[in-house]
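S.K.: Residue numbers (numbering that gives the first Met the number 0), protein chains in the order written: chain L, 0 to 400; chain E, 0 to 400; chain U, 0 to 400.
Keep in mind the hints are simulated off the structure, nothing from the lab.
Each hint should be verified, as a subset may be incorrect.
Capping the alpha-carbon separation at 25 Å, the derived lysine-lysine pairs in DSS-like fashion look like this [to be verified]:
id	chain 1	residue 1	chain 2	residue 2
1	E	LYS250	E	LYS277
2	U	LYS35	L	LYS72
3	L	LYS35	E	LYS250
4	E	LYS104	L	LYS377
5	U	LYS104	U	LYS250
6	E	LYS377	U	LYS377
7	L	LYS35	E	LYS277
8	L	LYS250	L	LYS104
9	U	LYS104	U	LYS59
10	E	LYS35	L	LYS72
11	U	LYS277	U	LYS334
12	E	LYS277	E	LYS334
13	U	LYS72	U	LYS25
14	L	LYS72	U	LYS72
15	E	LYS35	U	LYS104
16	E	LYS303	E	LYS277
17	U	LYS250	E	LYS72
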Amino acid sequence: MSTVYDVTTWRIPDDPATTAHTDIGKIINSIIADVKAQQTTQSSRPGAVIYIPPGHYSLKTRVTVDISFLQIKGSGHGFTSLNIRYNTSDTSGWWEIWPGASHIKVENTDGNSEAFIVQRTGDPRLSSIEFRDFCLDGVSFTPTQNSYTNGKIGIRFASDNDACKVTGMGFVYLERALVNNGADAFDATDNFIVECGSCIELTGASQAVKVTNNHIGGGFTGYSVFAEGAEGLLVTGNNVFPRGRSVVHLKNSNRCVITANRFQAFYPGMIDTEGTNKENLISSNHFYRVPEGYPPMQGNDNGKDDLYGLIHLVGDNNMISTNLIDYNVPADSVKPSGATPTLILVAGGDANFISNNHCVTNIATNHVVLDASTTNTKILDCGTTSQIRSDTDSYTLRPTP
Amino acid sequence: MSTVYDVTTWRIPDDPATTAHTDIGKIINSIIADVKAQQTTQSSRPGAVIYIPPGHYSLKTRVTVDISFLQIKGSGHGFTSLNIRYNTSDTSGWWEIWPGASHIKVENTDGNSEAFIVQRTGDPRLSSIEFRDFCLDGVSFTPTQNSYTNGKIGIRFASDNDACKVTGMGFVYLERALVNNGADAFDATDNFIVECGSCIELTGASQAVKVTNNHIGGGFTGYSVFAEGAEGLLVTGNNVFPRGRSVVHLKNSNRCVITANRFQAFYPGMIDTEGTNKENLISSNHFYRVPEGYPPMQGNDNGKDDLYGLIHLVGDNNMISTNLIDYNVPADSVKPSGATPTLILVAGGDANFISNNHCVTNIATNHVVLDASTTNTKILDCGTTSQIRSDTDSYTLRPTP
Amino acid sequence: MSTVYDVTTWRIPDDPATTAHTDIGKIINSIIADVKAQQTTQSSRPGAVIYIPPGHYSLKTRVTVDISFLQIKGSGHGFTSLNIRYNTSDTSGWWEIWPGASHIKVENTDGNSEAFIVQRTGDPRLSSIEFRDFCLDGVSFTPTQNSYTNGKIGIRFASDNDACKVTGMGFVYLERALVNNGADAFDATDNFIVECGSCIELTGASQAVKVTNNHIGGGFTGYSVFAEGAEGLLVTGNNVFPRGRSVVHLKNSNRCVITANRFQAFYPGMIDTEGTNKENLISSNHFYRVPEGYPPMQGNDNGKDDLYGLIHLVGDNNMISTNLIDYNVPADSVKPSGATPTLILVAGGDANFISNNHCVTNIATNHVVLDASTTNTKILDCGTTSQIRSDTDSYTLRPTP
């Protein structure tokens, strides 16, 4: 029996009229059912590969992936900017108006939010499922094309999983592109996840996840990268561009590494933290904060003001070092009006270590601000004495000479 | 003649009974023989691609790769944890008990250790051989399933080679997963190499190798990443987790770069060095050292005590900077009992430069210790005076304020 | 209609004699014409995938890619060193003398320089075109095999483009391997681009480009990585080896990030800048400068002397930090003779921040030199007072203790 399937040639035994073009979800579910029918013992379940050739497909039925080792694979991430398209008054002369390559329009008519859900009960955890090289397209936002909302989710891992991978994918115009609940050694690498409300969300506890070499750009309503309860997340080599409400948001996450990324944002709170976050390393990143430049979107923001901190830190023993932090906002756009913007705010916690950051600003800013509640912060080589503000005596400062 | 082969459809001319499922090694050797029979002049040897669809295959005969430009490719790394399986008393209710995807059980009956050996005499060196997206599984360890020993090797490059690549692969339960002797511009990227004794070993002299974006986790008997005589090795973007005896071991290796990795370990000597190692850069990594937490494995260690150094350095002019070093071992587990653990031990060498490391420890430690034999070490911003110990006067210290 | 094409089975309707082996360019143009004939409305243009199996192909006609979402894909980058081959007196006993895998000899007879040009007028920009896993080979240089010149270009993106990708490719013996004019969110990742005059050139304005995880090595006549007018270029995880005239050249480029790379070069100006370059971050890289060691090439250089700076910086607010800079050139090879070589030259600009670099040199050097025109440079922890030279009073220095 072959373990190689093609969505365009598969027919559902009792529903030969459905094709991948009319409902690729139903087709893939049928293929998975066939895999399960062929692989019936616990020592004969190697999985399969399902190929999606270039084409426009509609997904009306959610796919449930409940077998390990399944690879779903296309021939290209197929992104094109729907944001530009929908903000162009006349596209009648355009060459193309849809994303492409192995392109799935997420158009569930089954009452579900997800295009793909990965979920299984029992043991072991689902392992080594791979999504690669195709496009998940939410088609449109509501109530307006600039809202980043439509209730649609691209892929949701809903039960604990190990060694899974999402790579080479495109995600566009989904409210939530990729959600993984309970990830172990998960890889999100080499993807193009932009013009989505939230891009990568690690919910539940995760460990040892890598987010590497991606283009990521969320909406003002959502997260570019979100991690709750993460242990040892590695975020490196990514280009995260606007307009997510943050570029990386950590909630009760420990020992994560955020290094060697290029970050651009339109709002404060580029790195945002909540709860208690310990022993995270944020180094060798480039932060660039500018105002929103795109007229259709200039009315939006993430609700935070410039006192929130470009990096907003709560937690203990974190290290922020060797970053270039670039703030370039006209004085009359600063919020609250007339305030001195904060680049790094230590809003709470003990023994944070902030060193060797080069801050470049068009107006006077506080490079580091320490809340009165904080203790034992060390600040080395992050600015002159006048560029550091502390509301506590419990800190050590070595200003730049 | 086609250059695209499928192991499931190939038949050996004089042995039609053998299939990829009974001996994929013999099948691939026969395919390689066919490639050589088709490609007979020095200007007509483009190689071929051998595809391994998802399935469970047994390898009983070692594959010898002695042609350039061969790509051996499957549809998924197929890892599942055998360590959890073998430490579960009853797996009768499990969905699956084997790794999967393009899954090769390494079961040599030919007296050889390797599943794949890459080797050729004469000129030029073998070039551009690629292994990608399949699973090499050693099946079981002996004498116990927690020993990390079985004498099996996944892939061994045994002669000088250029521009080869191992990517997207899974390796599990092999004593030695991947060995490359004499590598030039080799890539080990995007692999899942865990639950193996040793994971990546660069023996002989190598140059310009990249180890990037991998999940790696060796056994207490072996190495996660080992390099001997390396020049310019780049290790970046990896998640290296326990329980290798070290996360990176350098022996007589120079000008290597270890940066932007997440490292977790159960033993001292996370970065270990022997011989003379010069001008290496270790920066922007997260080190996390905790005790072994998994009961079946708690009796094991790598034989080193907490005075060995979480980073053990011998050599000259190395730079260790901007790392977060996190040591969290209960006082009563420290070895020798009552000792003050060492985070960075400069055990020998001249002019090492250790700066801007943030050390987080649950008990008092020496952040840096200088052996009496060392000379001209510079230590900047790595702790207070009381956290640095030197047994020589030949050093410079700027403590943190 | 299938969207999956194979160059070896495609026949041109009015030219059945041409094959991929005789002119793969003409074949691919015919396939693209077929795609356009099949995909005729702006909502039915998902593109296609064109597969190039392993083989030696000749390209005599330039390919014009003027559709979005096209993936051109082979089965291996196929590099082998032509430089070694052409500098070996007798290769008659060699196993192979050509590159391989999916190997295209660039032999245009159509008067064009490029093997592939990507270009379209009108809206939207071309999106999500992918070149992956094949080899573009310029075959030979003229007038000598060591000249790095032959007028040939591998791939040139000639009009604005979005979200395109070049990955897994091999480029060899092309004067210019990969040129992208007007790139947005472009990826050059996991390629092998060596023995070419110039390797990666980002001309026109680009934004948010990633150059990650590549092996790169240009010729003394050209650039390994060149960016003009770039905004937010991310260069990380690369191994850039000799002998490019520079490893990264920035011209009027801002907010770029060069981090976690291994760089080796034979000439001064490893990082070179011209025009005005602002707020770039250069951190956690290893720089290694040695003399050319290969006898056939020892007569060449890039025309710069050792006072030019291993890093030559013009611009404002750039940060150079946490690099290991290794200079190992015999005293009698220094140019001008008897000069004290410069490692980092700030040749012009304001408020550059140079900190925490470890400089390792076999002879006395100036670690940092400030031109008289420069203002407000900060130099922290880069050497002793005697290792820093300033021709201006407008700077701040904290020497290493």
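S.K.: CA of U/LYS35 to CA of L/LYS72, is that 25 Å or under?
M.R.: 24 Å, holds
S.K.: Sort out whether U/LYS25 lies within 25 Å of U/LYS72, counting only the CA atoms.
M.R.: Given pair U/LYS72, U/LYS25 holds - Cα atoms ~16 Å apart, limit 25 Å.
S.K.: Does the structure keep L/LYS250 and L/LYS104 at a Cα separation of 25 Å or less?
M.R.: 32 Å, violated
S.K.: Measure nothing beyond the straight line between the CA atoms of E/LYS303 and E/LYS277; if it is 25 Å or shorter, mark the hint as holding.
M.R.: Since the Cα atoms of E/LYS303 and E/LYS277 sit roughly 23 Å apart, the hinted pair holds (cutoff 25 Å).
S.K.: Starting from L/LYS35, check that the Cα of E/LYS250 is at most 25 Å away, please.
M.R.: Not satisfied, since the Cα-Cα distance of roughly 49 Å exceeds 25 Å.
S.K.: Run the distance test for E/LYS277 versus E/LYS334: straight-line Cα separation, threshold 25 Å.
M.R.: Distance of about 29 Å is beyond 25 Å: violated.
S.K.: Take the C-alpha atoms of E/LYS377 and U/LYS377, compute the straight-line distance between them, and say whether it is at most 25 Å.
M.R.: 21 Å, holds
S.K.: Would the hint linking U/LYS277 and U/LYS334 be met if the CA-CA limit is 25 Å?
M.R.: 29 Å, violated
S.K.: Given the proposed pairing of U/LYS250 with E/LYS72, does the C-alpha separation stay at or below 25 Å?
M.R.: Answer violated: U/LYS250 to E/LYS72 is near 41 Å, above 25 Å.
S.K.: Quick one, are E/LYS104 and L/LYS377 close enough, alpha carbons at most 25 Å?
M.R.: 53 Å, violated
S.K.: Within 25 Å, alpha carbon to alpha carbon, are U/LYS104 and U/LYS250?
M.R.: 32 Å, violated
S.K.: Run the distance test for L/LYS72 versus U/LYS72: straight-line Cα separation, threshold 25 Å.
M.R.: Within the cut-off at roughly 14 Å; holds.
Hints 3, 4, 5, 7, 8, 10, 11, 12 and 17 from the earlier list are contradicted by this structure; the remaining hints agree with it.
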